[in-house]
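Protein chains in written order, with the working numbering: chain A, 7 to 524; chain B, 48 to 549; chain C, 3 to 332.
Careful: at least some of the hints might be erroneous.
[What the hints assert, rightly or not] So the derived label-pair ranges between C-beta atoms look like this:
id, chain 1, residue 1, chain 2, residue 2, range
1, A, LEU56, C, LYS238, 52 to 62 Å
2, A, ASP288, B, HIS420, 27 to 37 Å
3, A, SER280, B, ARG310, 38 to 48 Å
Hints are computed from structural coordinates only; laboratory data are not their basis. Every residue gets a Cβ at the ideal spot worked out from N, C-alpha and C, and that includes glycine.
Given next are the chains, with one letter for each unit.
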Amino acid sequence: MNKKIENTKQEQGMPTTSEINEESIDSSKPLHVRIVFFGVIFLLVLTTPLLLDVFFSSFGMWIINIAGLDFYLSLIIVTSIRVLGVVLLIMIIWGGFLGAPVYYRRFGSILTKFLLICIGLILLFCINLAFSLIYFFLIFLWTPKPFIHWPKKKLIIYRGVILGTLLIGIIVESIVSSGIIGSILFPPTLTNSLSNLLRPYGLAPICLIGLIIFIPIYALLPRIWRSFWNARSRIENFWIEYSRDFMGIVGLILIGSIVILAVFAPWIAPYHWSQGSLNLEDLYQPPSPLHILGTNARGEDIFSRIIYGSQISLIVGFTASIIAVTLGTLVGLIAGYFGGIMDSVLMRVTDVFLSLPTLPLMLIFLQLFGQGLHNVIIVIAILGWTGTARMVRSETLSLRERPLTEAAHAIGAKDSYIIVKHILPNTLPLILANVILGVVNAILAEAGITFLGFGDIHGQPSWGIVLHWATRGAALVSGAWWWFIPPGVLILVTTLGFAFTSHAADKVVNPRLRRRRK
Amino acid sequence: MSHGYSPFPDHPYDRMHSDNIVYYGGNPYVLNNATVDALIEDYLSASPAELAEAARLVQVAAKYNIPYIPLFLSDDTHAIRSEWTNYTIKPGGIFTTFNPQTVVFMTSSVDNSLFVMAYSSDIGEMNPLFWRSERSHWYNMLVYDTLLSFDNESNLIPWLAEDYAISADGTQINFTLRTGAQWHDGLPVRPEDVEFSINYYKNGPSDVNDWPTFQHITSTSVDGQVITINMDQTMAFAPHIFGTQMYVLPEHVRDDAPQNDARWDDPTNGTAHTGSGPYEFDSRDPDEFTLVTKFANWWGPTNPYVGQLPNIDAFRIDVVIGQDARILAMRAGDADSERYEVFGAYVNVVLNAPELTLVTGLASQWDYVLGFHLNVTEPGFPGLGISDFRVRKAMSHAIDRAQLVNIGRLGHGRETHSIIPETFYASLYHPDGDFWEHNTTIANNILDAAGYLDVDGDGVREYPGVVLPPPPPNLILIGIAGAVALIIGIVISYFIFRMRKG
Amino acid sequence: MSEKKAVGTRQYIATRIVQTIVVWFGIITLNFFIFRIMPGDPRGTLIAEHMPPEVVQAIALRFGLDQPIAIQFVLYIVNLFRGDLGESFSHYGQPVIETIFAFRFWNTVILMGTSILIALIVAIIMGVIAASRRDKVIDVGSTTVFLVTYSMPVFWLGLMILYYFGFILRVIPLAGTITRGIVHVNIFHYIADYLWHMTGPLVVLTLSFIGGFYLIMRDSVLDVFTQDYILAARAKGLKERAILYGHAMRNAMLPMVSVIAVNMPFLISGATITETVFSWSGLGLLTYNSDVANDWPVLQGIFLFLATVAVLSNFVADILYLYLDPRIRY
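The shape of chain A in the complex, shown without the other chains (with noise of 0.2 Å):
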């Protein structure tokens, strides 16, 4: 299909993307222009496998305990599932540089039929039989052979049917079964996940088969890359713009220089945040040459913890705004271009979550999931996407009725190409303002809730822990500002940073904003 459409490009002399690009680089950029375009090129190449292994290899190891394998097996599971990724990424990178990319043949559509099993398989085998029923009646009965000549109503009235059957089996079953009071209406086996029926038969390392799904994903590295090559102009534009803004270059080193605290914390902080005493001689000093900033009730010192909170305030505020502006963009996007009943089912829910109030409802969650730090990232995404998604979603809006959309639609491309290739990258900038302010937002949240003591509070501190425990600890009352106010004011740098950096990034991503050059 892809072939098709750069064929037709070709043939009526229109210029292709690449072609775009070689023409728009210039030999007279200034050198820091070109410094930020490949220092973010290799960052972006550098992460993005990174975050894939980590993300690969924790997965990994929540299902094997789901599959309740040693540590040993395990281990040379997901090794060799990782060598084989390798290799199937250096065989692409080969055939890419080699000759035509290897997505535009048949191979592309086998990869992603592969991932939808897989995603299913892992559905099947370690969450819950009812929820991949669902999944796997989303993906292969959404428009069955036999129904392909039903009228559209019909389909979604079959549709309809088994979808609510499902859903309302599983609530219902959910709900009852949750121990509270009730009878059971279900066999247990349907809330169950397969590897729970299989272990008692030692089968259950059958449920690592799901983990091939990372073999096909390793594939899609290299298509990542390339569209980071392809945006190349973009970035360096946005960066010219960028760089005029005063404001967005002392956002960029207040953040700049917070990361590197983040990142060289072992190195810059005297103690470990954990390294505690047993003396009471030890706790609560008041700042000395040995504590900078003294020490807390369990004799560690607060210089470091807080040295360590950036961490912890950094990855909190990164990952929660990067999920949430993902769902909101994804929920948008599928309004906004599908329109009709998704587009009010979605924005419905969208209105539903934007009508409760936060905090509350953010201390509910945590009660319910447990305190752990990954729940606070969790919490504060599904909370914070209903921004993003009224947004993308007018975006599209006015996308989809653009002449260009409506050309490609017009000679037979997929929804998901149009999707992909036109939308996604207009609405790009947008995109990114979002997860810039989505920081700002999800950092406040974080502090307000470790703050109240809804979250690990004994684990790695947050800034917000540290102040938690500085009110616990009365430094407040006791005068000891050298306790809640650094973290404070560090709490206040950081969202500032952001907040410029957005400032800024808005008045280069909206044009309107933008001062007329004379």
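Keeping the supplied structure of chain A fixed, place chains B and C upon it in accordance with the hints.
Structure of chains B and C alone, referenced to chain A:
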């Protein structure tokens, strides 16, 4: 975890009886032992003569089952403005619901006209039949009277009743009401009021406080000033419950409305809150304050245990939510004390504040223990770990309570060794029930003998029968695997693409 | 208004009404089930110290907590339409309606209303001034200041104000909405006392709202400046001031309508942390206390009320837009 003590030790039933293994109940340790249950039932239904021995057996049973290890009672480190003196020092603290003496005797060197108590949240209920927290209970104690009270050793003393007597088998209690007591509206307190109150509690809805105990009452009668209660069984703490937990209520006010009528919680209805206590209800603004003023005709001066009217003219309960805000309010003079004791770093703040005094040398009612969930076992090791008595006994030997008090309470606490500790219940404590003494050598020997050995030498003991785990992953091996993957990838791709071209 | 537009509008409003009702029902259901799957047991709240299990079970019976969940849900819906939201657990036996509306609702509405109003007024004025003097000192300065207030952690600011202004300088009271225990001479005395107690939380909340409002206002004025009709007005030779207040400001107010609509729930929900810090007895504080105490009926009541307000205000904002913005056609 921590528990709260009441002035009489009925907590073994809450904490150790199998009846209370419900997930919102008081036995989170899931101790389910028929012998212990039987001992506790004997204890609660002991006659006065049998009580001490029954208490000893319960303490010993706890020692040989260890559902939890008693650690320490925190000190009642109350912050109070320095001008206040002469509060009553009693186990549990100076501002407990069983310490009405403090509010009578406390006096200021500056101004006795008002005492402000800062609460962290508003009192929930004003109706004394339904208090659901010690906050509301404390307000009830100011406005209403109980028949009996406790002296500084937690023994029963006459209060609104002049005297009391228990029959030898413990099924009949006689309370003798004092003469000359008055309600806040000026009418006399009659023995019929007491009888009415008993039946008012008994016939109320089942969520009235102590309702189950009242159901054991078979009949009540009044003879002159004497009120007689007959019960269908012996209850060791019946005088405590009827005497100190039940508030005497005016029949002429309460008679015409049910126990849970909304009027009893209405802050605008002054007569609904008529009691006979040392203070009468004045005004209340929910979530802001509750004000009570001195009752000039209180019977206090005729009681040899009191002998005077309260010194303070008015009590006000203010709502100040944050601990910081309360300390600041006390330092600024907006409040005089607060409901709960200060802890942690706030102790030092109070000690350093010139306006404030820290009450010391007095056990609070908060009892800190190390509890075990006895039903949790490590998969593959049934009956071992926490559910293994030898492990709990070794832990009991290993605990250094003095160190815990020093670190956890900055020294403000006192060790407890029995589940009915001497500091709080001197009369029923027995040294036979003292937990295993602090001795780490014995603890180690027990674990060695039981087979909990440190197999891998990391300083943490393993379960019996655990063998050495496989060695940690070899980084070099992983590196080699990566390199091999790289080479294989290159070779395979080279051949595939060469073949394609060819 | 043409005949065609009128029909389209009517249809649009009808759809919006149906959607609003659907959303509202979604919220009710969600509202009920969120609290049923909470791990904490409300019976835990109802047991005070030393309460025997029989009493606890009796209490559970009284609140209907022994019923199967489906029956509880039906009861909840039925009672809802009778205007009965149940009884609070932690304010023992008090009807939820009374817990919410007796006085806490008013405390919150007054506090939040005033702070949102002040923030709006200041933000609109400063936004217009900044946009009209683009990139001058006043623009950069006010943007920087408001970005700082936008990024400020509210709870931290509140504590600092309480400590430095409340305790060290003694210019604002430490707790409550009125001076406790005094009898107010007259209504003016009461109002003055109330306002004085409101200073601390008011400052904190205004600062927390103002940044966002300002940025939106400034952006939308700048946005309007690039529109063709402003260029046309300039070309006609209209004075800059007349353009600013006559055309730009009026049109730039449009996005503010949706901003106000989105902020309506906050007007009611209150600021949990700020109210806690200043012991301000409003709905935010009630939410926090009920959350800590597992007081489901109150939380359900608050959420339901908030959701209703939010859904209604969104609906009203959409309809308002229809009439305010001539470009919208349905």
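Checked hints:
1. Taking 52 to 62 Å as the suggested C-beta distance range, the pair A/LEU56 and C/LYS238 conforms, at roughly 59 Å.
2. Restraint check, A/ASP288 to B/HIS420: a C-beta distance of roughly 33 Å satisfies the suggested window 27 to 37 Å.
3. Checked against the hint of 38 to 48 Å, the pair A/SER280 and B/ARG310 fails, with Cβ atoms roughly 56 Å apart.
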